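S.K.: Sequence:
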Amino acid sequence: MLTEFNLFGVFMAPVVVYALAALPLTMFVRFALWWSGLLGWFWHIALFEVSLYVCIFCLLILYV
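Here the sequence shown stands for residues 1 to 64, numbered as in the UniProt record's numbering.
Don't read these hints as lab results, they were simulated from the structure.
Watch out, some of these pointers could steer you wrong.
Estimated spans, in silico, between C-beta atoms of each pair [said to hold, decoys possible]:
no. : residue 1 : residue 2 : range
1   : 63        : 13        : 33 to 41 angstroms
2   : 32        : 62        : 16 to 24 angstroms
3   : 36        : 58        : 20 to 28 angstroms
4   : 28        : 4         : 25 to 33 angstroms
5   : 8         : 39        : 33 to 41 angstroms
6   : 47        : 9         : 36 to 44 angstroms
7   : 6         : 36        : 34 to 42 angstroms
8   : 6         : 31        : 15 to 23 angstroms
9   : 2         : 25        : 30 to 38 angstroms
10  : 9         : 64        : 39 to 47 angstroms
11  : 41        : 9         : 16 to 24 angstroms
12  : 37        : 2         : 34 to 42 angstroms
13  : 11        : 51        : 27 to 35 angstroms
All values reported here derive from a predicted model rather than from experimental measurement.
Ideal Cβ placement from N, Cα and C applies to all residues, glycine included.
Please put together the full structure from these sequences, using the hints given.
M.R.: Here's what the structure looks like:
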């Protein structure tokens, strides 16, 4: 069950924590794609990065 997180007396929704946790994961996947050269295959890189973040964010919510 999702519960609020207490951060110095401020209750935060779990979605905020998942959104913050998705950022480094997205950066890691983005770096791996850039390093392997696969990032150049995408037509609109910024749109791909946003969709990658959304996918990782949704996977965190579903499976964590």
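S.K.: Against this structure, judge whether each hint is valid.
M.R.: Now for the hints, and whether the structure bears them out:
1. Separation of residue 63 from residue 13 is about 18 angstroms and departs from the stated range, judged on CB atoms against 33 to 41 angstroms.
2. Remark: the range hint 16 to 24 angstroms for residue 32 to residue 62 is upheld by a beta-carbon distance near 22 angstroms.
3. As the Cβ distance of residue 36 to residue 58 is approximately 24 angstroms, the hint placing it in 20 to 28 angstroms holds.
4. As the Cβ distance of residue 28 to residue 4 is approximately 27 angstroms, the hint placing it in 25 to 33 angstroms holds.
5. Restraint check, residue 8 to residue 39: a C-beta distance of roughly 38 angstroms satisfies the suggested window 33 to 41 angstroms.
6. A C-beta distance of roughly 39 angstroms is found between residue 47 and residue 9, which places it inside the suggested range of 36 to 44 angstroms.
7. Checked against the hint of 34 to 42 angstroms, the C-beta distance between residue 6 and residue 36 comes to roughly 40 angstroms, which is consistent with it.
8. Restraint check, residue 6 to residue 31: a C-beta distance of roughly 32 angstroms breaks the suggested window 15 to 23 angstroms.
9. Between residue 2 and residue 25 the CB atoms are about 19 angstroms apart, so this pair departs from the stated range of 30 to 38 angstroms.
10. Taking 39 to 47 angstroms as the suggested C-beta distance range, the pair residue 9 and residue 64 does not conform, at roughly 25 angstroms.
11. Judged by the Cβ atoms, the range 16 to 24 angstroms given for residue 41 and residue 9 is violated: they are separated by roughly 47 angstroms.
12. For the pair residue 37 and residue 2, the beta carbons lie near 39 angstroms from each other, so the given range of 34 to 42 angstroms is met.
13. For residue 11 paired with residue 51, a C-beta distance near 30 angstroms keeps the hint of 27 to 35 angstroms intact.
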